[in-house]
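Undergrad: Here's the letter readout for the chains.
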Amino acid sequence: METLAPASTCRNARIRIATDRPTAFIDITDRLEALVIGAGLRMGLVSVQSLHTTTAIVVNENEPLLLADFAALIEDVAPREAAYRHDDVTARQVNVTPDERVNGHAHCRALLLGPSACLNVVDGKLQLGRWQRVFLAELDGPREREISVVIVGECAR
Amino acid sequence: METLAPASTCRNARIRIATDRPTAFIDITDRLEALVIGAGLRMGLVSVQSLHTTTAIVVNENEPLLLADFAALIEDVAPREAAYRHDDVTARQVNVTPDERVNGHAHCRALLLGPSACLNVVDGKLQLGRWQRVFLAELDGPREREISVVIVGECAR
Amino acid sequence: METLAPASTCRNARIRIATDRPTAFIDITDRLEALVIGAGLRMGLVSVQSLHTTTAIVVNENEPLLLADFAALIEDVAPREAAYRHDDVTARQVNVTPDERVNGHAHCRALLLGPSACLNVVDGKLQLGRWQRVFLAELDGPREREISVVIVGECAR
Numbered sequence: 181m182e183t184l185a186p187a188s189t190c191r192n193a194r195i196r197i198a199t200d201r202p203t204a205f206i207d208i209t210d211r212l213e214a215l216v217i218g219a220g221l222r223m224g225l226v227s228v229q230s231l232h233t234t235t236a237i238v239v240n241e242n243e244p245l246l247l248a249d250f251a252a253l254i255e256d257v258a259p260r261e262a263a264y265r266h267d268d269v270t271a272r273q274v275n276v277t278p279d280e281r282v283n284g285h286a287h288c289r290a291l292l293l294g295p296s297a298c299l300n301v302v303d304g305k306l307q308l309g310r311w312q313r314v315f316l317a318e319l320d321g322p323r324e325r326e327i328s329v330v331i332v333g334e335c336a337r
Numbered sequence: 181m182e183t184l185a186p187a188s189t190c191r192n193a194r195i196r197i198a199t200d201r202p203t204a205f206i207d208i209t210d211r212l213e214a215l216v217i218g219a220g221l222r223m224g225l226v227s228v229q230s231l232h233t234t235t236a237i238v239v240n241e242n243e244p245l246l247l248a249d250f251a252a253l254i255e256d257v258a259p260r261e262a263a264y265r266h267d268d269v270t271a272r273q274v275n276v277t278p279d280e281r282v283n284g285h286a287h288c289r290a291l292l293l294g295p296s297a298c299l300n301v302v303d304g305k306l307q308l309g310r311w312q313r314v315f316l317a318e319l320d321g322p323r324e325r326e327i328s329v330v331i332v333g334e335c336a337r
Numbered sequence: 181m182e183t184l185a186p187a188s189t190c191r192n193a194r195i196r197i198a199t200d201r202p203t204a205f206i207d208i209t210d211r212l213e214a215l216v217i218g219a220g221l222r223m224g225l226v227s228v229q230s231l232h233t234t235t236a237i238v239v240n241e242n243e244p245l246l247l248a249d250f251a252a253l254i255e256d257v258a259p260r261e262a263a264y265r266h267d268d269v270t271a272r273q274v275n276v277t278p279d280e281r282v283n284g285h286a287h288c289r290a291l292l293l294g295p296s297a298c299l300n301v302v303d304g305k306l307q308l309g310r311w312q313r314v315f316l317a318e319l320d321g322p323r324e325r326e327i328s329v330v331i332v333g334e335c336a337r
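Those sequence lines, one after another, are chains C, B and X.
Anchor point for the first sequence: position 157 equals 337 in our numbering, and the numbering is continuous, going up by one each time.
Anchor point for the second sequence: position 157 equals 337 in our numbering, and the numbering is continuous, going up by one each time.
Anchor point for the third sequence: position 46 equals 226 in our numbering, and the numbering is continuous, going up by one each time.
Isolated chain C, as found in the complex:
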């Protein structure tokens, strides 16, 4: 009896989300799992990348009070009401748009949290621990947001 060698595969998708608050954590785990199944991925990586400078991708427990704790922590580290030079349109010399938002705090929070996560897939399953979920962290909503997903690895031939 012979097993066919697996074939390498590479797929991509976009996830679109309309957020409804200034700060929010939107659980995208189910959508990522559906993409892994749709790609027929057996083993490999799922790279999840936000396409914005005021959002992040984070992984932790989907427990609302915890997410509120973390929202309070980032408010403490980069307060919304602090003075950011990025928000001084009289001093700004690049990238000034007509609809410029007061969002220096959100950029700083995004820099701390990071724009992406690279997740493992084994036996066709996203490798997540019992409490792990994947979130888009909205840091300057409400906005229309977009996430790029690339899947690389082996599928069954």
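Be aware that one or more of the hints could be misleading.
Capping the alpha-carbon separation at 30 Å, the derived lysine-lysine pairs in DSSO-like fashion look like this [said to hold, decoys possible]: (1) C:Lys-305 - B:Lys-305; (2) X:Lys-305 - C:Lys-305; (3) B:Lys-305 - X:Lys-305.
From the structure, some residues in chain B lie toward chain X, with a derived Cβ separation under 7 Å [unchecked claim]: (4) Ile-206; (5) Leu-245; (6) Leu-246; (7) Asp-249; (8) Leu-253; (9) Cys-298; (10) Val-302; (11) Leu-306; (12) Gln-307; (13) Phe-315; (14) Glu-334.
Cβ pair distances, simulated, as ranges [claimed, not checked]: (15) X:Gln-273 - B:Ala-187: 44 to 50 Å; (16) B:Val-269 - X:Thr-270: 15 to 21 Å; (17) B:Val-276 - X:Asp-256: 34 to 40 Å; (18) C:Pro-322 - B:Asn-275: 37 to 43 Å; (19) X:Ala-271 - C:Ala-214: 31 to 37 Å; (20) X:Val-269 - B:Val-276: 44 to 50 Å; (21) X:Arg-211 - B:Ala-248: 32 to 38 Å; (22) B:Asp-207 - X:Arg-281: 20 to 26 Å; (23) B:Val-269 - X:Arg-310: 42 to 48 Å; (24) X:Arg-194 - C:Lys-305: 32 to 38 Å; (25) X:Arg-281 - B:Ala-252: 18 to 24 Å; (26) X:Ala-271 - B:Asp-207: 16 to 22 Å; (27) C:Ala-263 - X:Thr-277: 38 to 44 Å.
Calculated from the structure, these hints are not laboratory results.
All of these numbers come straight from a predicted model, not from anything done at the bench.
C-beta atoms are modelled at their ideal positions from N, C-alpha and C, and glycine is treated no differently.
With chain C fixed as given, assemble chains B and X onto it according to the hints.
TA: Just chains B and X now, kept in the frame of chain C:
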């Protein structure tokens, strides 16, 4: 004379670690290097992903006083003794377990540090600078912990 | 009419940068885009990894006042003038070099920001949103720095 084209490869492994303190940085670099050699990987990526919501994967120097400095910094940013709503079991509505730990600080620290690292391999070697080492950051120990590793790229045929 | 199946590819490169200040954000997006084109990558991942313990890779807007805001934030979180045990050469027992730098703050900042970014490529293009740029964050310059880049995925056959 002809060189055979390399073959694409994809492998996975688990690393298990029993931690012995509340906060600890466990150097897993040697284990990752052994996995790269075992897979015969010539060039590609090693994705190292913690499967817990109160651990992280970090990369820096294995110098005990530095790691103590960093432990002090995260205690400053997310103090163990601060009030986390996640730790108020009378208010919690989801995911409450019989052995619920008081660990809001550890979740917040894990969210800041991130659950994973994606490392490069070239010429069969993990690409790390002179002082770089890879650590499991235990943030709510002592516990039994598990790390998923996926290796993708090219091996010699 | 038949489409040829794509071939899997894996390439690597190094980016070298001489930084000229203690803290700096060097935009490496154009160099990464040139590497993607040079590799003929159609779809896949670009893993960008700093090889130092006092630098990081970050993704955000290339707006000088914002980058100054973020430099101020990390100075707040891990002040240069704070007391780091890593900087006490009388207490240090490992990795002490003759030219040891006073850089505990820079290590701590690097630990918070992370050493790498994994970026998506689709249709031959680095997937970056309108304002997203990729930076080497220098945290203990001026220094000679080196970044490892590994590209995996599919190229046109």
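Undergrad: Work down the list of hints and note, for each, if the structure agrees.
TA: Going through the hints against the structure:
| no. | hint | in the structure |
| --- | --- | --- |
| 1 | C:Lys-305 - B:Lys-305 | holds, 28 Å |
| 2 | X:Lys-305 - C:Lys-305 | holds, 28 Å |
| 3 | B:Lys-305 - X:Lys-305 | holds, 28 Å |
| 4 | Ile-206 | violated, 15 Å |
| 5 | Leu-245 | holds, 4 Å |
| 6 | Leu-246 | holds, 4 Å |
| 7 | Asp-249 | holds, 5 Å |
| 8 | Leu-253 | holds, 5 Å |
| 9 | Cys-298 | holds, 5 Å |
| 10 | Val-302 | holds, 5 Å |
| 11 | Leu-306 | violated, 10 Å |
| 12 | Gln-307 | holds, 4 Å |
| 13 | Phe-315 | violated, 9 Å |
| 14 | Glu-334 | holds, 5 Å |
| 15 | X:Gln-273 - B:Ala-187: 44 to 50 Å | holds, 45 Å |
| 16 | B:Val-269 - X:Thr-270: 15 to 21 Å | violated, 47 Å |
| 17 | B:Val-276 - X:Asp-256: 34 to 40 Å | holds, 36 Å |
| 18 | C:Pro-322 - B:Asn-275: 37 to 43 Å | violated, 27 Å |
| 19 | X:Ala-271 - C:Ala-214: 31 to 37 Å | violated, 53 Å |
| 20 | X:Val-269 - B:Val-276: 44 to 50 Å | holds, 49 Å |
| 21 | X:Arg-211 - B:Ala-248: 32 to 38 Å | holds, 37 Å |
| 22 | B:Asp-207 - X:Arg-281: 20 to 26 Å | holds, 22 Å |
| 23 | B:Val-269 - X:Arg-310: 42 to 48 Å | holds, 44 Å |
| 24 | X:Arg-194 - C:Lys-305: 32 to 38 Å | holds, 35 Å |
| 25 | X:Arg-281 - B:Ala-252: 18 to 24 Å | holds, 20 Å |
| 26 | X:Ala-271 - B:Asp-207: 16 to 22 Å | holds, 20 Å |
| 27 | C:Ala-263 - X:Thr-277: 38 to 44 Å | holds, 40 Å |
Hint check: violations occur at hints 4, 11, 13, 16, 18 and 19; the rest are consistent with the structure.
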